[in-house]
Structure formats: structure tokens, C-alpha cells
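4 protein chains.
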Amino acid sequence: MPGNSFGKMFRITTFGESHGPVVGVVVDGVPAGLQLSKEDIEFELSFRKPGKSFVSERKEIDEPEILSGIYKGRTTGAPVAIVVRNTDVDSSSYEEIRYKPRPGHADLAYIKKYGYENWDYRGGGRSSARETVSRVAASALAKKLLMLTNTWIAGHLISLGPIELNCNVSFEEILCSKYSPLRCSKKDFEEKFKELVKDTLAEGNSYGGIVEVVAVNPPAGLGEPVFDKIKADLAKAIMSIPAVVGFEYGLGFKATKMKGSEVNDEIIKKGNSIGFKYNTSGGILGGITTGEPIVVRCAFKPTSSIRIPSKTVNLRTNEDTLISVKGRHDPAVAVRGVSVVEAMMSLVLVDHAIRAGIVPSVKLNNKDSEKIEKNWRRYISSCKP
Amino acid sequence: MPGNSFGKMFRITTFGESHGPVVGVVVDGVPAGLQLSKEDIEFELSFRKPGKSFVSERKEIDEPEILSGIYKGRTTGAPVAIVVRNTDVDSSSYEEIRYKPRPGHADLAYIKKYGYENWDYRGGGRSSARETVSRVAASALAKKLLMLTNTWIAGHLISLGPIELNCNVSFEEILCSKYSPLRCSKKDFEEKFKELVKDTLAEGNSYGGIVEVVAVNPPAGLGEPVFDKIKADLAKAIMSIPAVVGFEYGLGFKATKMKGSEVNDEIIKKGNSIGFKYNTSGGILGGITTGEPIVVRCAFKPTSSIRIPSKTVNLRTNEDTLISVKGRHDPAVAVRGVSVVEAMMSLVLVDHAIRAGIVPSVKLNNKDSEKIEKNWRRYISSCKP
Amino acid sequence: MPGNSFGKMFRITTFGESHGPVVGVVVDGVPAGLQLSKEDIEFELSFRKPGKSFVSERKEIDEPEILSGIYKGRTTGAPVAIVVRNTDVDSSSYEEIRYKPRPGHADLAYIKKYGYENWDYRGGGRSSARETVSRVAASALAKKLLMLTNTWIAGHLISLGPIELNCNVSFEEILCSKYSPLRCSKKDFEEKFKELVKDTLAEGNSYGGIVEVVAVNPPAGLGEPVFDKIKADLAKAIMSIPAVVGFEYGLGFKATKMKGSEVNDEIIKKGNSIGFKYNTSGGILGGITTGEPIVVRCAFKPTSSIRIPSKTVNLRTNEDTLISVKGRHDPAVAVRGVSVVEAMMSLVLVDHAIRAGIVPSVKLNNKDSEKIEKNWRRYISSCKP
Amino acid sequence: MPGNSFGKMFRITTFGESHGPVVGVVVDGVPAGLQLSKEDIEFELSFRKPGKSFVSERKEIDEPEILSGIYKGRTTGAPVAIVVRNTDVDSSSYEEIRYKPRPGHADLAYIKKYGYENWDYRGGGRSSARETVSRVAASALAKKLLMLTNTWIAGHLISLGPIELNCNVSFEEILCSKYSPLRCSKKDFEEKFKELVKDTLAEGNSYGGIVEVVAVNPPAGLGEPVFDKIKADLAKAIMSIPAVVGFEYGLGFKATKMKGSEVNDEIIKKGNSIGFKYNTSGGILGGITTGEPIVVRCAFKPTSSIRIPSKTVNLRTNEDTLISVKGRHDPAVAVRGVSVVEAMMSLVLVDHAIRAGIVPSVKLNNKDSEKIEKNWRRYISSCKP
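Read top to bottom, the protein sequences are chains W, V, A and C.
If you read the first sequence in this note's numbering, its first letter stands for residue 1, the second for the next number, and so on.
If you read the second sequence in this note's numbering, its first letter stands for residue 1, the second for the next number, and so on.
If you read the third sequence in this note's numbering, its first letter stands for residue 1, the second for the next number, and so on.
If you read the fourth sequence in this note's numbering, its first letter stands for residue 1, the second for the next number, and so on.
Isolated chain W, as found in the complex (with noise of 0.2 angstroms):
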């Protein structure tokens, strides 16, 4: 069954390879009359762009066109699909892999299902991390349409290797770590995480690292029992993205430790509310949002594609071999999995939004287009430094 679709109410669509024309997306189910540039596609895509001398050095531009679905600026109900080209694309240094099957990568899993002579070696063909150029795009809309309940979402990188950011940040920090090259939101764990992908690079290796998103001012609700909780939906969602291989949310793993009476929230009065004094479950309670912030964190494993030789089979000598991934790839693709993994979470959160009818499924009003752009205008200048 076709597996290239996500959500039920709010659905993208992706298509696209690393190196064909282009990768795009069909995003289905966007209501009526919400406004929509290109300029709001590009300022989420510009987040996911490679730093200058520490990742992949792809010149992705990355310009989005929009071919559907908006006239005279605004959405109007029918389905918007917008691609990039992939421009840049040499697929000469990928002639080696064409018999070797690069270990940690998706190659031989590919390989494997569909049949060599089906394989669409080059840059990883579907499996490369360039299709979450298409995430990202549709995570434009989600995003503004996460602004009608004043919904905020940003990520940040938590970890790198065997360094691990090890103080309290407030959300304000996480946005900012939109213009830090690492996704780093303190200034003195930047430079040590610099530091450590220098020297990655140098040794032509890679690092995992942990990604954390919240979602603050999230509505409550969203989730529903007893499969499409929230927690699942968002596990599915992140675990989706290439490379990564663990998702928890508020305490996650560290809650294995502890007793039920450390873990317990404290159930207290807020305002005209009621909510929780710890957030130690990260928002989420019996799979449904609490209204209290949403955290979750997941790990990357470290880029596969790297310059020490690997050992590998031949596949047309059935030799033992060596492969050396020679193409230019992130020593550290957590940072640019931070974008990603907000994309996927605002994703979800839309969608359930919609499910909840908390976002209008059919039509916005023009006080709800108006308060969106707004709002869309006030989180644009806070990701600015």
C-alpha cells in the first residue's frame, strides 16, 4: 500500500528524488482563504538549508513554486502542490555505489524490496534526506494555521556526540536557535558543538545527536483514543524522518527510573484552569493534549555517508570490498533534522487540530486569516537575531 502519504485531515502528499527534476508535495486539505506566499514556503526551507563550512555542501537553493491551489494570494480550498527543482545534482560520485551497497545507508533494504534492477542509486534516489525538502514546504501552512490558536513550535539541538546541553532553556532560547548555524540555543554550548563537528569532519566521520521540540500554547484536546493518540501520531511522524531512531516525549526513557510518585504531576489550579505544575508528561496525558507545553526529543543516528572506508560486497563480483562515501554530506545531520522534526510535529498538531475542529476544516473567516498573519508576522521577527 502506497506509503507516501501522511495525515487524514490535513495530508501531504511527497514525491521526488534527490536527483530527478524535483521534489515537491500535494498538500490536501488546507482550508479556504488562508493567506499564502512563497516568501512564508522559503522562511521555513531557509531553515533546513546547510550551514556554510560545517555540512553538506550541496548548493541547494531550494526555490519553492507553487502550482496549485491559491488565487489572488490565498488558499482556496482545493489541494496546493508546490515543488522545488533540484538543481546542483552530479551524479557521477555515485557510480561507485552502484554495485556496493553503502552499509548504514537505505541501499541494500532497497535493494532488497524493489529489486536491483529497479534501484535508483543516485544521492539515495527516495531515501535521501533531500524529500524532507517536501515536509518542510507543507509545514508553511501547517505552521500559519497552527497561528489561529497561537500555536509556537521550535526545536533545537540538545546534543551532539558525547556533548549534551545540560541546563534549563526557555522557549524564547529554542527560537532563537533558528539562526545559530548548529541549531544550539546557548551561545557556550555553539562553540563546543563547533568544536566537536570540526573535528568530525576532519576525521571524515559523523556524530548522532538528540533533537528536542515544543510546541508551546498548544490547544488541548488533540488526540484521539485509542490509536491516533497524540503521542503516537507523533512518534510516527518523526520516526518517518531518515536517520532517526528513537522518540520520547516529556520524561521518556528517564521515567523507566524513577517511581510513580516522582513521575505524578501535580494536578493544581491555573487562572480560571486547571493544569500541571511540572509538565513532567511533555503535555501529553492518555495519549490527549493537556494545553501545557508539548516536548519531544529524538535521537539521530549519526550520518551514514561517510569519508572512512566501510566494508561492504560487491554485488556483481560477490567480492568483500570497501566503500568510501565521497559525496558531500553533514558530519552532524541532527542540525538540519531540527527543521525537519518541527515540520513533522506541526504536521500532526494541524491535522489533529482539524480532526478536533479546533481548525476549521472548509473555510476560514476573515478574522481568522487576519489574526493568523498576525500572528505569522510576530513569530517571523522573533526567529530573527
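Hint data in this document are derived by calculation from the structure and do not stem from the laboratory.
There may be inaccurate statements among the hints.
Okay, derived cross-link-like pairs now, EDC-like style, lysine to aspartate or glutamate, Cα gap no bigger than 16 angstroms in a straight line [said to hold, decoys possible]:
{"#": "1", "chain 1": "W", "residue 1": "254", "chain 2": "V", "residue 2": "164"}
{"#": "2", "chain 1": "A", "residue 1": "326", "chain 2": "A", "residue 2": "95"}
{"#": "3", "chain 1": "C", "residue 1": "72", "chain 2": "C", "residue 2": "39"}
{"#": "4", "chain 1": "W", "residue 1": "269", "chain 2": "V", "residue 2": "319"}
Incomplete in silico selection of chain V near chain C, CB under 8 angstroms [to be verified]:
{"#": "5", "residue": "356"}
{"#": "6", "residue": "357"}
{"#": "7", "residue": "362"}
Covered stretches of chain A, going by a simulated chain C footprint (3 or more residues, C-beta under 8 angstroms) [said to hold, decoys possible]:
{"#": "8", "region": "207-219"}
{"#": "9", "region": "297-308"}
The C-beta atom is built at its ideal place from N, Cα and C for all residues, glycine as well.
Using the hints provided, position chains V, A and C relative to the given structure of chain W.
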């Protein structure tokens, strides 16, 4: 949008509340020709049952009744509906929580979502772990179908609170944990776990734990790029279980501390095929199964229901108050969670095996049917002490 | 892929065979706060019951049992499971067909699909019209929810074999057909229909017929371009009913003989709104409801089970043979079909009303709940002679 | 909920408006290994093109661009995205309708649903028949995959206004209608149709018509009880086409006038298998294909866009007014509709063939691939005069 169904080609829909007349499941997408008896379902349900002295004392007999889809002992292609009556239901102990949402429980989230006036507070209603009976019942069919490829699934508890299983364990040992009251695969750790459970119980407290589940001999090629990756669907499935707060596969979060050169597995010749030396990726690359054993772990938070009083707010009086849950509950919900995680993995794998055409979607021929039955008998015997 | 579920936001999953223990349905996506009693369901089921002397003599008591989703008389947001026991089941008369697939029945198609050895030949198994009990039971919830917008649905038989109702009929008259044994909205035609049924029954034969169903006061804006148009979803819903072989709305097939200038309706002012003069389009344009009454018709073929012998092949001996079906069957299945067509229309409309945010997806407030109850009482009274 | 996708295992998502830059489609669920060229798609699109003098004069070149999913001329298992640029788009003639919703069109329904301010009135926007280009483009893949079982699909116009084709027609004759400008399978009727079209055009009017489509050599066993019956999915697919107002299969509405003894087909021996003598059920029983040819018909209403003025209301002034549509339009939209009905049938059949495991979901082997190509070449030759 409804959230009580799971799976695409092999689809379960569950219903029923903790203190309603039944919990049940409709399994749709079962190919015709599968032999299925009440005993097959009872067998799987038996491992979800509480151990004698350690865990929830509810006397769940859990006798399944098959309502449809079977004729002369075999499936017909029609949906298989199964119900289990809720016996030994005493809602009186829940009257106290009627106005006191329990910290760590779904109570407040349900109230915010569905309205206080519609809240079924008895025993957690639909959010109760009782709901997982339906999943485990359905897994009997899934596990049997996976016998077609001789894929076996088994799990164990690898940590309980501060105690971690720190040695290698064979699949046979994991399988044998089925007759350990604490789902422990090593005798010496079973003793340590028992001690901890006893103390925790005495304290009126609870502990979290980590469950590991392994599928041996899985088909290669399961998982659909890019959103229905097997890792994404496993994450969703397992994160939808009550009390699960984290998920990982292969090296998981550990990989974030490691280098690419350490994590990249060696590709090697294996008989007539090509495989991986260390299976660092837990049987999954590019979101597709490689044919190596699938290894996942998940984090259970400590049971929220504890005797130790927690702070909450009385919804009627709007006053701060304390709540101490006196019903019967597990000091270590992860123990019974093992069979539920197994169940969810089996549902994902069979769904994807049908999607990939590896298990037939419409009917099994007689040879298939016999092969399944033979492997199933072997599996049942292996699970006995 | 499983085919026993219908609907997206309001989703039913049916199960059970004609001669199994029950037929049943799980209704998922019911907002919390809807008052629901066993009597509400019985009310709808009563119109599917066979009339005394004309139709199938099976004594179906059809007493629904609600297994989940209701607490203190109101829905909780959890799935509502309903079963109806199959009583008066005598499979002995089906032994003859064991090797003789019945012409016009699903027999041979089921055998080709699922294999002869897996075929449940008793009473048509899953292909029996008995399955529609589940649909009608679920429609009680759908019809109640549509009372929020005061949308009422009613149908009648507009032709039986050669006799066609050839006069205009008001919605009130259609509603009154509920207490006509032949679902006829006009007394004089009822007599003609009765005569025909009597003759047909005597002959051991059967007749087809056309059912018309109308929804008055539907919300405008239902239907999602371009595949989930309301006309497409109504067609799917109604064509999924056993014995239905054709569907049309508005002018339907008649429009093919007409000119654009005749078919194009006049757009006119209607109070403060704008509407259509003749409703030639049956309430649907561009696949979206216009707010005018929705008018659909469908063709039931004559009941396949007849006493007159038909030619078939004995599957065991491979010899030509004759079969004469002696079980109890309707000479005019379209009569009981009326309530099933009504049911399917209600399921489609409520699903789309939730998709469009017109009926809430999560919970009804008390005012909504009372409005529904009030309109429902009015509707029930209107259906009584 | 989004409505721009169709199919479950073979799933298309369409996008694009009549006067936007493109119309396009993403086809997900295409097995790897299918040879696919731009010419294959152009071949199918060519039959949707307007005939010279009779129909819409828009000069649609309809050159498809394949954006993804193909490598070295074969599918890879990745989604296939196809766009067709909209050329010759002149929106100026639509300025008049900006305030004058056109009778018989989707205009008023779209306005009521999405809001007047979000309405893309140019050329019908998303409701335009132009959208069906996407469906026909996708059908090239579907029809090729069906060549694996040598299933061929072809349709013809069987009535135009008052003129009905009243003789038996062979499948070969239906196939040959592909090069008839009016999709007529009989020369003498083609002349009559031409005459009628000429007169209708002169009058500035339009006529409805009936299209019949036949699939020969379909696999038996397609269709999933009880809601995804093949008859239900065909109905949904075909009723989703603009201007279609009715659907039937086999005897269809005629069966309502007939007796069971006339409609029940004879089951007879056919070589080594068992089949039906007259195929009165149009290849479908119990909602499942029997292996006999599938025969469906659908009703197209007359084109709504006519030169003859119709009554409407000016939305700005709220005054009664007249509208006369001056753009280029078909006097007989059913003619071009034939290829769209064919397309929708092919999409349903291939979807169900994959669901049933008859067409592989993941990859075609080389033998399959060659068989398809051989049958496809034969099919293309048969469609040439």
C-alpha cells in the same frame, strides 16, 4: 476523526471500556483459510494476565468469545469479531475520583476533550489498560499468519526502575520469559526484579521499566517509503499503548553518542544472500526490514495509580486536595506490557507483510494453512516451561 | 484490503454472518454527549423488519444490545458497539446449495474469491441481506446527529416491477410510507403493489423495484472535491447494498435525453439566500450540496432466491442441474431495502457534516444535545400513523 | 477531510485548476519495474482531446511531464508525479460570471462551501472538466498494469440526447470507437450523432448522453465485502466525474422491471471452469467480479455551459439577471467523457487487483514486465484505425 482502528490491510477496530460489559475487537483483512480456535486466542491472552502476588488483583478470566468470521474452524475472509466479558467489575472504588482527576492519568485530558459531563470515570473507561485485551486477542491471528514465514515474536523486561539487565540474551531465553511472572529472561535478574516489586508494593508506589521485543526471521522488504516506514509504524503502534513514553530500535538513543564509523554495520555474505554483521540497525534500514532480527525497545512510565497520596484539585469545590488510588493496580505495569508490545509488533508486521504481498490478502491455500499450524504448534511448545 | 468499514469521520465497521451468532457494528467517530437508547436503535430497525404476509418469514426479533460507548444514557466519545443476535436460524435448508451455487447470488463469486473450502454457504453468510441490520442499527446514531441541522431522511418505493408511481409526492407522504407494509407513499399504489406481490409470491418468483430517498433541509456545502463528491459517496454507499444495481440523483438518466437549456435550473432569490427553482440537480452541484433537498434513486434487481428452478452446475459432480431455493425470501427485496438506502444516506451525510465541521467531531454541548432530542421526538411522532 | 485522492493500494492524488499553471497527479502504489514512457501517457490523453469541429475549441496540447518515480524508463516503486501545463488559458471571458453563478455549474455550491471571497471563478477552477486530464494521465499506468492479466478496457457513447444505439456491439467495435470523433462504435449511428451535435451547436445548446464501458478478461474475485464491493467502488469512481448523474451495471435499471426468473443468469460449464451464460449481472455478483466481462453505464447530463441565456442572480446587486456562457464548450460532454470513464474503471480495477494480490504491490519481475509491454503494444495497435 475516529481513532479506534489500526492497520491498513490487516485492520483491527477495538471497543469497550474497563467497566462496561465487554472489551472487544473486530479484525478485518484476515485471509480465508486460517485455522483459528478459541484456544489460540486464550493462549495469547494468558500472557497478559496478572501474576499472582505482584500485580493487579483483578480476577480477569478473559475468556474470548468469537462472534463472527469463522466457519468449521477456519476463517472465511469475513471480519473476525471477538469479545471478552468484563467480570469482577466493581466501580464503587471509583466514586472518589469522580471529582478528583488523578495525576498521571488520562482523567483531566479526557475531561478537557469530551466534557466533564460525558466522562466515564469508572476504571479509566476507555483509557484503561484493560483496553489492551482487545489488541492481544487480535494478535493471536497476526502471530499465526506470521508463522507462514516462520517469523516469531517475543519480548522481555530489560529494566525495572533502577535495575537493568546488562547481559546478552538469546532469543530462546526471551521466549522463555513468557513463563516468568515478571517477564524476565534471566533467572538472577528475576530475583532482583521480584525483590524490587515487593518493596515497591509495600511502599504503595510503582516503578517504570523498559521492554524489549524481538522478531526473528522477519521477511526482508517490509515498510513503505516514506511515511509508512516500518520504524514509523512500529513507533506509532507501540507508542499507542497506555503508559508508553518512549520508543527506539537498534542502537536507539545510544547511537546519538556514537560515530558513523561505529554505527555503520558491515555488509557481509551470509550463505547465498547478503546481510549485516552486527545488526546495529535492529533489522531496519531506510525504514525497510533487512531480514535481520527486528529489535525494538520502549519505555513504560511507572503506573500512575499509587497508594501514596498525590496533589490534585476537587473539580466540584475547586479546592486543592489529595488523592490516593485504592483500586487494584500494578506496581510495574511494564510487566504485563510485554505481551501488549509483542501484540502491536505482530499487528504491524502482518499488516506490512500483506501490503507487500508476502502474506496473501485474500486466502491461504491448504499448504499455507498447514505450514502455519505446524509452526504455531512448535511456537506454543517453545513457550512452555 | 479490508472492506468492512465505511465512512471517514463517522465510521462504521460491520461484522457477522446470516447464520452466525450475531450481526453487529462498531460506530467510531460519534461525538460525546449524544443521548442514545436501545429504543432509538429499535425504532430504526423496526422499519427493516419484514411485513407480515408478503416477505421473508424469518422471525427476526432484532433486539439490539449496546456493548460500549454509552455511559448514563449518553455517548462518551468512545466507539459504540451494537450487536443483534441471530435467532430463528435454521441452516438445514441450505445443505442443498452446498454444491449448487445459486444463479444471481454471490455464491460463485465468493467461491472463486475465497476458495470453495472456506465458503460459508449457510444463508449467504456475509453476503446475506441480513448484514444490513448492522447498517440500519448504526443509522440511528447518524439520523440523530443530523437532527442538529434538522435534516430528515425518508424513502419510499417508487416502482415495483412494471408498476411505477407516476405522480408527485410530498416529503410528508414519503415519511408516512414508513408505516405502509410496502413502503408506498400513495394508498392507491399500495393496493397495486400488494396485488403484484401476491401474484409474484404465488408464482414463486420475484420482482425488482426502484427506491427513492429524499433528505430535506440538508446543510449546504457537503461533499469534498474532487473524488469525495457527495454524489460519489452516496453512490458508493448505496451501491454497496446487496441487490442494488443502479444509482442516480436529480434527473438522473432522464437528463441524458434532455437539453442543457432544459436541465439547467434557474438560480433565484429565496428569502435572504439564493437557491434553485426546480431542484433539477437533486440538491447537488459540482458534487457539493446546494442546500436544496437531496433526491436519489436506486435500482434493486429482483430477489435472486426464487422457488422457480434455475439452471446451475453441481460442483461435486460437475453436472448440469437445477436449483430451487426453498428458504424464506422476499418477492420484492426493494421493500425492505428502503430503510437500508435511508441508512446509507444518513451515514454519508453525517460523515460529510462532520468533515465540514457542521456537526462537531468531538462533543456536543448540552444545547446541541437537547435540540437533537427535541427534533428526534418530532421525527418519531411524524413516522407514526 | 481531503477529497483529492482516490484508491487504496493504487492511489492517485490530483491537483491543479483549469486556469492555473498546471493540472497534475501523483500516482502512489505503482510497483517497481513497470516500463513507462511519456508516450504511454500521451496515448491515453490523446483520446480525451476534443474532436475538431464538434467540441470545446480550447487548444489543449496536453503534453505530460513526468516529474518523479521513473529511472531508466522503469518505475522504481517511488510515486510517479505527472504534470500537464495549461496552455491557451484566457480567463478574460470569465469576468462576466464573477458575480453571476451559472445555473447547472458548481459555482453556487463552491461559493456556499468555500466563501465567495475564496472562489476561483476562472474556468470553473477545480470543478472544471479540465481536472480529468490528471485522471486520464494516471490511467495509462493503471491500464498498463492490467495488461498483466490481459484485461482491456474500452468504452463508447451509446446514446446522445434522444438517439440510442439499439443494436449489439462487439468489444472490438467498442475498441474502434477510440478513433471515432464521437466515440461511436457503429458507423451509421456516428452519422446520426454528428447531425445532432451540429444542430445542437448551432442552437447554442447541449445534450446529455450515456456512456458504456466494458472490461474484458477481468480477474475473478475483485471486490471486498461489504462496503468495498467492486460495484460500489466503480460507482464512486465514475460518479465522481463532472456531469455524471447516474450509474448502473449489468441490466441496471432495466432489471427493476423484470422478474427473478428472467434476471437470474444460468450457471454453466465453460471449458474447465464454471461461468455464466448471459452475463446479466455485468460481471459482478455479490459485489465481486465473476470473471465475465464487466459492463457499466453512466449518465452524463448535458453540458451546463450553453450560449442560450439562463436565469441567475447577480451576487453584487442581488438582482435577477441572465447569463449566457460564451467560452468554448462541448455540446456533448459525454463524448470526451468516455475516456474519463475508462480511466476511472481502470483505476478501480487495478486498485482491487493489487488489493487481491493479483497484480503485485511492490515489484514486477522481468517476465511480468515483458508480458505487460507485449500486451500493451497489441492494445495500442488495436486502437488504431
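With a cut-off of 8 angstroms, does the beta carbon of residue 356(V) approach a beta carbon of chain C closely enough for the hint to hold? Given a least distance of 5 angstroms, the restraint on residue 356(V) holds.
Review point. When you check the alpha-carbon spacing of residue 254(W) and residue 164(V), does it fall within 16 angstroms?
Key: Distance ~13 angstroms between residue 254(W) and residue 164(V) Cα, so the pair holds.
Margin query: Checking one constraint from the list: CA of residue 72(C) to CA of residue 39(C), max 16 angstroms. Satisfied?
Written below: holds (15 angstroms)
Q.
Would the hint linking residue 326(A) and residue 95(A) be met if the CA-CA limit is 16 angstroms?
A. Distance ~11 angstroms between residue 326(A) and residue 95(A) Cα, so the pair holds.
- Agreement of hint residue 357(V) with chain C interface, Cβ distance less than 8 angstroms: holds (5 angstroms)
Quiz item: Do at least three Cβ atoms from the region 297-308 of chain A come closer than 8 angstroms to Cβ atoms of chain C?
Solution: As far as the region 297-308 of chain A goes, the hint holds, because 9 residues have Cβ atoms under 8 angstroms from chain C.
Would you check the hint for residue 269(W) and residue 319(V), treating anything up to 16 angstroms between C-alpha atoms as holding?
It holds: about 9 angstroms lies between the C-alpha atoms, which stays within 16 angstroms.
Three residues or more, CB to CB closer than 8 angstroms: is that satisfied between the region 207-219 of chain A and chain C? holds (count 4)
**Study point:** Hint validity - residue 362(V) Cβ closer than 8 angstroms to any chain C Cβ
**Key:** holds (5 angstroms)
In terms of the numbered hints stated before, the structure departs from none.
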